[in-house]
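First residue of the sequence shown: 250, per our numbering; consecutive thereafter.
Hint data in this document are derived by calculation from the structure and do not stem from the laboratory.
Backbone N, C-alpha and C define an ideal beta-carbon position, used for all residues, glycine too.
Among the clues, some could well be false.
[Claimed, not checked] List time: in silico DSSO-like cross-link candidates among lysine-lysine, alpha-carbon distance up to 27 Å:
#, residue 1, residue 2
1, K482, K429
2, K429, K456
3, K429, K419
4, K419, K482
5, K404, K456
6, K429, K452
7, K456, K419
8, K333, K305
[Stated by the list, open to error] Here are the computed distance ranges between Cβ atoms for each label pair:
#, residue 1, residue 2, range
9, Q366, P436, 34 to 40 Å
10, E390, R300, 26 to 32 Å
11, E289, P392, 31 to 37 Å
12, S471, E336, 22 to 28 Å
13, K429, Q479, 23 to 29 Å
14, F303, M250, 32 to 38 Å
15, N304, R380, 30 to 36 Å
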Amino acid sequence: MVTVIPAINCPDRDLECVREKVRVAESLFSDLPRGAIREEGWVHLDVTDARFTFNKTWGNARDWRELDTALNLEVHLMVEEPEKIIEDWLRAGARRVIVHFESFHGGALRHHKTAPQDIFRVLLEACAAHRAELMLALNPETPPENALTYCGAVKAIQVLAVHPGLAEQKFMPFVLEKIKFLRRQFPDATIEVDGGVDAEIGKRAVKAGANVLVSASYIFESEEPTRAYQELKRI
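All chains should be built: construct the whole structure from the sequences, respecting the hints.
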């Protein structure tokens, strides 16, 4: 069965935007008892730093904790040095942290000499210490073959279908081949697709091998967010 996760992408310092979208996300699971929400209710939060990306989004881990939502947090760190902030989000309750292969392997702004595998180990160990899951994300243009060693060290992989950062971008169809490749390589992995996902794109992504769909605009900009969410769930 496919998992659908609503994605929050709000401007920097706009806590009200985050509060409102959390409220909408919670309403998607309003028919579930609180205990079931802990298992089934997820929300995806985009955090960007204007270094790894061109824009900066809201990303205050302390304020997130104070929102006190029952939803499970999947935080997507589209940042240049995720190892510097991962602990903040784990302490805020993140159950899954998504980091980009490109952020520690050949990052353009890295001037120190820490080996990529050492940074990756820090990220893995941080998640393990908090009983959280580390998901590895690949940018659209990154050949999956370049990251196989790292993909094999995690149980969850995200295929980003747009350039990291801005919401409301169009899905890049060529990533479907990447999903197929990763599914062949890792038949038991969680493979998430993020970016431009609507009902039609969702069907194509699931057919290619994805089992988690992340959607922002399609859900939150719908006149009936619950209906849009359920449409994706039925794929």
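Verification of the supplied hints:
Annotation: proposed proximity of K482 to K429 holds, straight-line Cα distance about 21 Å (limit 27 Å). At roughly 9 Å between alpha-carbon atoms, K429 and K456 fall within 27 Å of each other, so this suggested pair holds. Our distance criterion of 27 Å between C-alpha atoms is met by K429 and K419, whose separation comes to about 20 Å. Between the alpha carbons of K419 and K482 the distance comes to roughly 21 Å, so the proposed pair stays at or under 27 Å and holds.
Between K404 and K456 the CA atoms are separated by roughly 20 Å; this keeps the pair inside 27 Å, and the hint holds. For the suggested pair K429 and K452, the alpha carbons sit about 14 Å apart, so the restraint of at most 27 Å is met. A C-alpha spacing of about 19 Å is found between K456 and K419, which places the hinted pair at or below 27 Å, so the restraint holds. As the CA atoms of K333 and K305 are separated by approximately 17 Å, the hinted pair is consistent with the 27 Å bound.
Checked against the hint of 34 to 40 Å, the pair Q366 and P436 fails, with Cβ atoms roughly 25 Å apart. For E390 paired with R300, a C-beta distance near 18 Å fails the hint of 26 to 32 Å. For the pair E289 and P392, the supplied restraint of 31 to 37 Å holds, since their beta-carbon distance comes to about 34 Å. Separation of S471 from E336 is about 35 Å and departs from the stated range, judged on CB atoms against 22 to 28 Å.
The hint said 23 to 29 Å for the Cβ distance between K429 and Q479, and at roughly 27 Å that hint holds. Restraint check, F303 to M250: a C-beta distance of roughly 36 Å satisfies the suggested window 32 to 38 Å. In this structure, N304 and R380 meet the distance hint of 30 to 36 Å, their C-beta atoms being roughly 32 Å apart.
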